[in-house]
Every structure is written in structure tokens, then in C-alpha cells.
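Peer 1: Read top to bottom, the protein sequences are chains A and B. Heads up: the first sequence at position 94 corresponds to 94 in our numbering, and the numbers run straight through without jumps. Heads up: the second sequence at position 158 corresponds to 158 in our numbering, and the numbers run straight through without jumps.
Hints are supplied without guarantee of correctness; some may be wrong.
Some, not all, of what chain A presents toward chain B, calculated at C-beta under 10 Å [unchecked claim]:
1) Asn62
2) Gly71
3) Ile154
4) Ala157
5) Ala162
6) Gly169
7) Phe171
8) Leu176
9) Gln179
10) Leu184
11) Gln185
12) Val191
13) Glu199
Among chain A residues calculated to face chain B with C-beta under 7 Å, some are [what the hints assert, rightly or not]:
14) Pro68
15) Leu70
16) Leu172
17) Ala192
18) Ala195
The hints are simulated quantities; they were obtained by calculation from the structure and are not laboratory data. Using N, Cα and C, we set each Cβ at its ideal position, and we do this for glycine too.
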Amino acid sequence: MPTDLLGWLTFDDPMSGVRARLIEHLQYTAGGVLLACLVGLPLGLLLGHLGRGGTLAINISNVGRAVPTLGVVVLFAVSPLGTSLFALSLALGLFALPPVLTNAYVGMREVDREAVEAARGMGMTPGQLFRKVEFPLAFPLVAAGVRSAVLQVIATAVLAAAVGGGGLGRFLIEGLGSQDYPQLQAGALLVAGLAFSVELVLGLLQRLLDPGGRAGRTTRRTPPVGQEPVSATA
Amino acid sequence: MAISVTSVGVLAQGVPNPWFSTLYLQQGRSELLIALEQHVVITVIAVAAGVVLALPLALLARRSALAETLVVGAAGVVYTVPSLALFALLVPFTAYTATTAVIALALYTLVILVRNAVTGLRQVPAEVVEAAKGMGLGAGQRLLRVELPLALPSIVAGIRVATVSTISLLTVAAYVGTGGFGQLIDQGFRADYRAKIVTACLACVLLALIADALLVLLQRLLTPWTRAVR
Numbered sequence: 001m002p003t004d005l006l007g008w009l010t011f012d013d014p015m016s017g018v019r020a021r022l023i024e025h026l027q028y029t030a031g032g033v034l035l036a037c038l039v040g041l042p043l044g045l046l047l048g049h050l051g052r053g054g055t056l057a058i059n060i061s062n063v064g065r066a067v068p069t070l071g072v073v074v075l076f077a078v079s080p081l082g083t084s085l086f087a088l089s090l091a092l093g094l095f096a097l098p099p100v101l102t103n104a105y106v107g108m109r110e111v112d113r114e115a116v117e118a119a120r121g122m123g124m125t126p127g128q129l130f131r132k133v134e135f136p137l138a139f140p141l142v143a144a145g146v147r148s149a150v151l152q153v154i155a156t157a158v159l160a161a162a163v164g165g166g167g168l169g170r171f172l173i174e175g176l177g178s179q180d181y182p183q184l185q186a187g188a189l190l191v192a193g194l195a196f197s198v199e200l201v202l203g204l205l206q207r208l209l210d211p212g213g214r215a216g217r218t219t220r221r222t223p224p225v226g227q228e229p230v231s232a233t234a
Numbered sequence: 001m002a003i004s005v006t007s008v009g010v011l012a013q014g015v016p017n018p019w020f021s022t023l024y025l026q027q028g029r030s031e032l033l034i035a036l037e038q039h040v041v042i043t044v045i046a047v048a049a050g051v052v053l054a055l056p057l058a059l060l061a062r063r064s065a066l067a068e069t070l071v072v073g074a075a076g077v078v079y080t081v082p083s084l085a086l087f088a089l090l091v092p093f094t095a096y097t098a099t100t101a102v103i104a105l106a107l108y109t110l111v112i113l114v115r116n117a118v119t120g121l122r123q124v125p126a127e128v129v130e131a132a133k134g135m136g137l138g139a140g141q142r143l144l145r146v147e148l149p150l151a152l153p154s155i156v157a158g159i160r161v162a163t164v165s166t167i168s169l170l171t172v173a174a175y176v177g178t179g180g181f182g183q184l185i186d187q188g189f190r191a192d193y194r195a196k197i198v199t200a201c202l203a204c205v206l207l208a209l210i211a212d213a214l215l216v217l218l219q220r221l222l223t224p225w226t227r228a229v230r
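Isolated chain A, as found in the complex (with noise of 0.2 Å):
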């Protein structure tokens, strides 16, 4: 078995196609969390510049976390829609939204008041309050936000495959449908090995690009209980 596991592991086996799959599996994330963050990041930016709409901004991820994702998924693939690289970046992009949109919205409201108060004395207009105060501020929760939307999108582009679609989920539906346990075994360690290195490289990309720089950044506030930024499996 271990060097079944193997050979299903090795790169360019053409049989099993895995470099393929990954490639589709990279699509289908990159397509739903960049749909999510074109509408969640101004969005939820805005809304907590202006302070306004913050029930919204948690019932959505409230909501979000209530419907269940393969449900989502299958109805795309039903509708007109299909499974096409756009529907599925749709559906998958759904799922994406409440995380990226609730942790925009609460890393702006969590820049300290004293803070925005001493910039408006200070003259600042409100653009300049947002890209050189409130921005960098909340820089650290809403990339966490949009790093629990990419986890949430790789978990849930395995689903893709339940419906016909491409992606890793193939070895996963394909072995559990033919109780094909080394290709299951190796679907599973690539999916999740998918999952740790983006988590890692996501991790090193944030601090490397935080505005606040590592130094003197505000202390970090535990968010109130329930409102807690969303993170992701599906």
C-alpha cells in the first residue's frame, strides 16, 4: 500500500493527473475569494469607515455559517449556471464573502476611537484617516478575514467534484465511490497539504505586507463572544 500511496503522490504520473487537478483546484480558489474580496473588502471597509451596518455585516456571517455549503454547491450545478470555472468561482465565492465581509467590517470598528479622534484633530480628510489610520490598524483582522475565506474556498472546492466538476475532490468522491483507499488516503494528504501550505504562505505573506509593521502594533482585543472573525472548514 505505501507504494500505491506513493505513486499516486508522484507528480508526474500521468494516470492519476494530480498536477492537473491541483491546477484546477488553485483556479477554482483563486476565482472565489478574489469574487468575495471585490465585493466584501469595500463593503465591509466602508461599512465600518462609516460605522453603520454592523448587524448586517454579522448576520451575514451568521447566516453564511447556517447554509450548508455542498447544498450551495449543487444547486449552482442544477441552475443554468452549470459547472462551469465561473459558477463554481460563484458559488465557491458565496461561502467566502462572510468572512472576508464580517472581518473588514470588525477590524474597522476595532481602531482604537482615540486614534480616528487625534487624525480628524489632526486635519486628516476622511480618505487620508482610512489609508493612514484606520487601514493599517485593522490591516491584521481583515487579512485574517480574507485568509479564512482562502481556507474556507480550498475546503469547499473539493465539493466541486461531487458535482462533476475538476479539482482534488476528485480523488476524494472517485476513491469513496469505489472504495479506492490509496487514492482516497492520497487525495485526503494533498488536500490537506494544500490546505497547511497556503495557510502557511498566507501566514508569512501577511506579516511581510501588515502596514503596521510587527512593532507597535495595538494590542489585540478579543473580539465579544459570537462575533469572533470567522474562520473555515467546509
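Based on these hints, arrange chain B on the given structure of chain A.
Peer 2: Just chain B now, kept in the frame of chain A:
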């Protein structure tokens, strides 16, 4: 128009395929009830197992920063594994049974349950603990009669999130043969029977919302003092 639908929901060619139909509600009544029962039973067992595991882990985690990092970190690592992959990793050991789903889902709940339990226990005012000590309560008594009750709102908040997530995630476990609403969704997909998919999805969301409301109610009953304060 006559619609021919078999009990598994195979539509004849050329027949309209509505997103919702009362016909399915009638014909699918028994399979919906069976799925509901499977869904509820597995969710309750998984969340209960999660709570039973999370409390000792939380007590361990609050002892030291190192213990907390290790416990919370380990729960986070498990949480990072996508559900279908975790089910797949367990299948060679626990086969296509509900046990597979219960183990995986219970492990997923830990990340939120442990964190909320630690937060809740930490929010217990030091004076209260001191007062309990002064009254001669031992460590076990303090935990059971003072600390856990005061941490309950935070713990229940965690259980709410865990329950709602578990109900949603359990649909994916249909691929390891646990039944539930996920199985109806998958059957509906294979038969291209939209009403079945939509009904199963709605039932799943409804179940999550009802479970959440029941837990809120439970918390109010268990912690009457939180209402008096507000």
C-alpha cells in the same frame, strides 16, 4: 400537467423541473423525516462528544500559556483539514459509518469550544474565586459551583456556533454514507430533481436555526442571573 415522479425522484424526460414542489413534500415526507432523524442524532452525538472533550482540554489550556498554545494549536491544525479530506482519512479505519462523521465533526468543534471555554473561565472575576475559597470550597467545588456556571454564557455561545457548523458540515458526510440531508441533496443531484435538493437544503438551514434558538433558550434557563443583570 401530470408529473411522473418515482420515490427516488427520477423525473421523466421533458417534464418541468421546478425548484420547489409540494408534490415532493408529500412524496418525500418519509425520507425527509428519516434524514432529519439521522441529521439530529449525529449532530447531537458529535457536539456532545466535542463538549466532553473540550472541557478537560480547556482546563488544561488555562493552566499555562504553553498548554494553551499546544491545545488551541492542535485544534486549529485539525480545523484546517477540509471536511471531506478528514472523512476520507478516517474511512480506512472506521469505514462508511456514522462513526466516521461523528469523530471528524467532534474534532472540528474543538477549535471553537475550547477557545470559548477558556475565554469564559478567564472572565470569571478573581474576587469571586477568592470569595469561594474563603467560603471553604475546594478546587473541584469552585469549578462546578462557581467557575463553570459563570463561564456558561461563553461556553454556550461556543456550543451554538459548533452546532450550527456541524449541521451544515454533516451534509458533506453523505459521501461516507451517514445519510442525513446531504444524502437527499446528493440523490437530488444525481436524479436532477431540483425540488428535492432545495427542500433538503432549506430543511438543513431550518434545523440549524431551530437548534440555535433552542440553545439560546437553554442558556436563558440555565443562567437566569444574566437576564437580571441586563
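Peer 1: Each hint should be assessed against the structure and marked as holding or not.
Peer 2: To see whether the hints hold, each was checked on the structure:
no.	hint	verdict
1	Asn62	holds, 8 Å
2	Gly71	holds, 4 Å
3	Ile154	holds, 7 Å
4	Ala157	holds, 9 Å
5	Ala162	holds, 7 Å
6	Gly169	holds, 7 Å
7	Phe171	holds, 9 Å
8	Leu176	holds, 5 Å
9	Gln179	holds, 8 Å
10	Leu184	holds, 5 Å
11	Gln185	holds, 7 Å
12	Val191	holds, 4 Å
13	Glu199	holds, 6 Å
14	Pro68	holds, 4 Å
15	Leu70	holds, 4 Å
16	Leu172	holds, 5 Å
17	Ala192	holds, 5 Å
18	Ala195	holds, 5 Å
Violated hints for the displayed structure: none, as all numbered hints are satisfied.
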